Amino acid sequence: MSVSKKLPGLCPACDAPLKVVSLACESCQTTVSGSFDLPLLARFSSDEMQFILDFVQSSGSLKVMAQQLGLSYPTVRNLLDDIITKINNNE
Amino acid sequence: MNKTWLFNPFRYIAGLTSLTIGWAIMLATAGIAWFGKAHFDGVVDMHSGLITPFSWYLLDQLTAWSCAVLVFYLAGLIFSASAVRFVDVAGTMALARWPLIFAALLNLLTTPITDPHNIPATAIIIYLLEALFFIWMVALMYRAFCVSTNLKGSKATVVFVAALLTAEALSKAAFYFLYRHIH
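Top line first, the protein sequences correspond to chains A and B. Under the working numbering, residues 1 to 91 are what the first sequence spells out, in order. Under the working numbering, residues 1001 to 1183 are what the second sequence spells out, in order.
One chain only, chain A, in its complex shape (with noise of 0.2 Å):
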């Protein structure tokens, strides 16, 4: 059986942001060392991430959003100000 795992994007530790130290090929089992930041994406939340993609999917209309996820313009605004603030903190 399968098990979905999450990028983690935070320590559980100390909620540092985590870097990626270790990447491998699943083809030749080459593995390259480093320490990579994530990309600004990959921080986001499961929820942010599909909010993110019904955003570019209905074309960045709000109104089309709102209907889809049957909930009122402001609120679904607001969810995008909130991730708007987190790319401009993360960057």
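These are calculated hints, taken from the structure and not from any lab test. This structure is a prediction, so every number in the text was calculated from the model and none was measured. Take the hints with a grain of salt, since some may be wrong.
[Said to hold, decoys possible] Heads up, simulated DSS-like pairs for lysine-lysine below, C-alpha to C-alpha not over 25 Å straight-line:
1. B:LYS1152 - A:LYS86
2. A:LYS6 - A:LYS19
3. A:LYS5 - A:LYS19
4. B:LYS1152 - B:LYS1003
5. A:LYS19 - A:LYS86
6. B:LYS1155 - A:LYS86
7. A:LYS5 - A:LYS86
8. B:LYS1172 - B:LYS1037
9. A:LYS63 - B:LYS1152
[As the list claims (entries may be wrong)] Which residues of chain A face chain B? A partial, calculated answer using Cβ under 10 Å:
10. ASN78
11. ASP81
12. ASP82
13. THR85
14. LYS86
Backbone N, C-alpha and C fix where the C-beta goes; we use that ideal spot for every residue, glycine too.
Guided by the hints, dock chain B onto chain A, whose structure is given.
Okay, now just chain B, sitting in the frame of chain A:
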């Protein structure tokens, strides 16, 4: 009924939809208030006993709502980093007044107080129950303000309280002016 619908319906309804529903309920509240001679003469005020034409009861609703919308919209523009839409503030503030229909209905059970030193116990109970509906309305107004402006936490609370007091003062001034000039 889902708790969110009772205390934060604005998660699901805002803008023109909530404005239309809110106005319809305000119209119904004005009608019931007319029968019970209850004037909603402030953003968070109700007084009974003054007999006036029906148009005054409508004016009560519109004035109280307009004062709240004006102040909370300006507060949102000043203190929120998000884009605040007027129609969201207007719509959510209109719908936030819906518990007042119950206060107007309860008022039908009372008779005007003629002697302030001799208030019947049943009237006191009814006034306390009416106060609960005003508290519910204020809670809804707070959620309406937060959803419309995307303000959160202590900043939202401080700005909301200041705006509510300002709106109440503005509405009292507006009613003082209106009641003097439409006699």
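Okay, the hints, checked on the actual structure:
1. B:LYS1152 - A:LYS86: Since the Cα atoms of LYS1152 (chain B) and LYS86 (chain A) sit roughly 15 Å apart, the hinted pair holds (cutoff 25 Å).
2. A:LYS6 - A:LYS19: holds (15 Å)
3. A:LYS5 - A:LYS19: holds (17 Å)
4. B:LYS1152 - B:LYS1003: holds (20 Å)
5. A:LYS19 - A:LYS86: Within the cut-off at roughly 18 Å; holds.
6. B:LYS1155 - A:LYS86: Holds, at roughly 19 Å.
7. A:LYS5 - A:LYS86: holds (23 Å)
8. B:LYS1172 - B:LYS1037: holds (19 Å)
9. A:LYS63 - B:LYS1152: OK: LYS63 (chain A) and LYS1152 (chain B) at ~23 Å, within 25 Å.
10. ASN78: OK, holds: ASN78 (chain A) within 10 Å of chain B, min 4 Å.
11. ASP81: holds (5 Å)
12. ASP82: OK, holds: ASP82 (chain A) within 10 Å of chain B, min 8 Å.
13. THR85: holds (8 Å)
14. LYS86: violated (13 Å)
Checked against the numbered hints given earlier, the structure breaks only hint 14 and satisfies all the rest.
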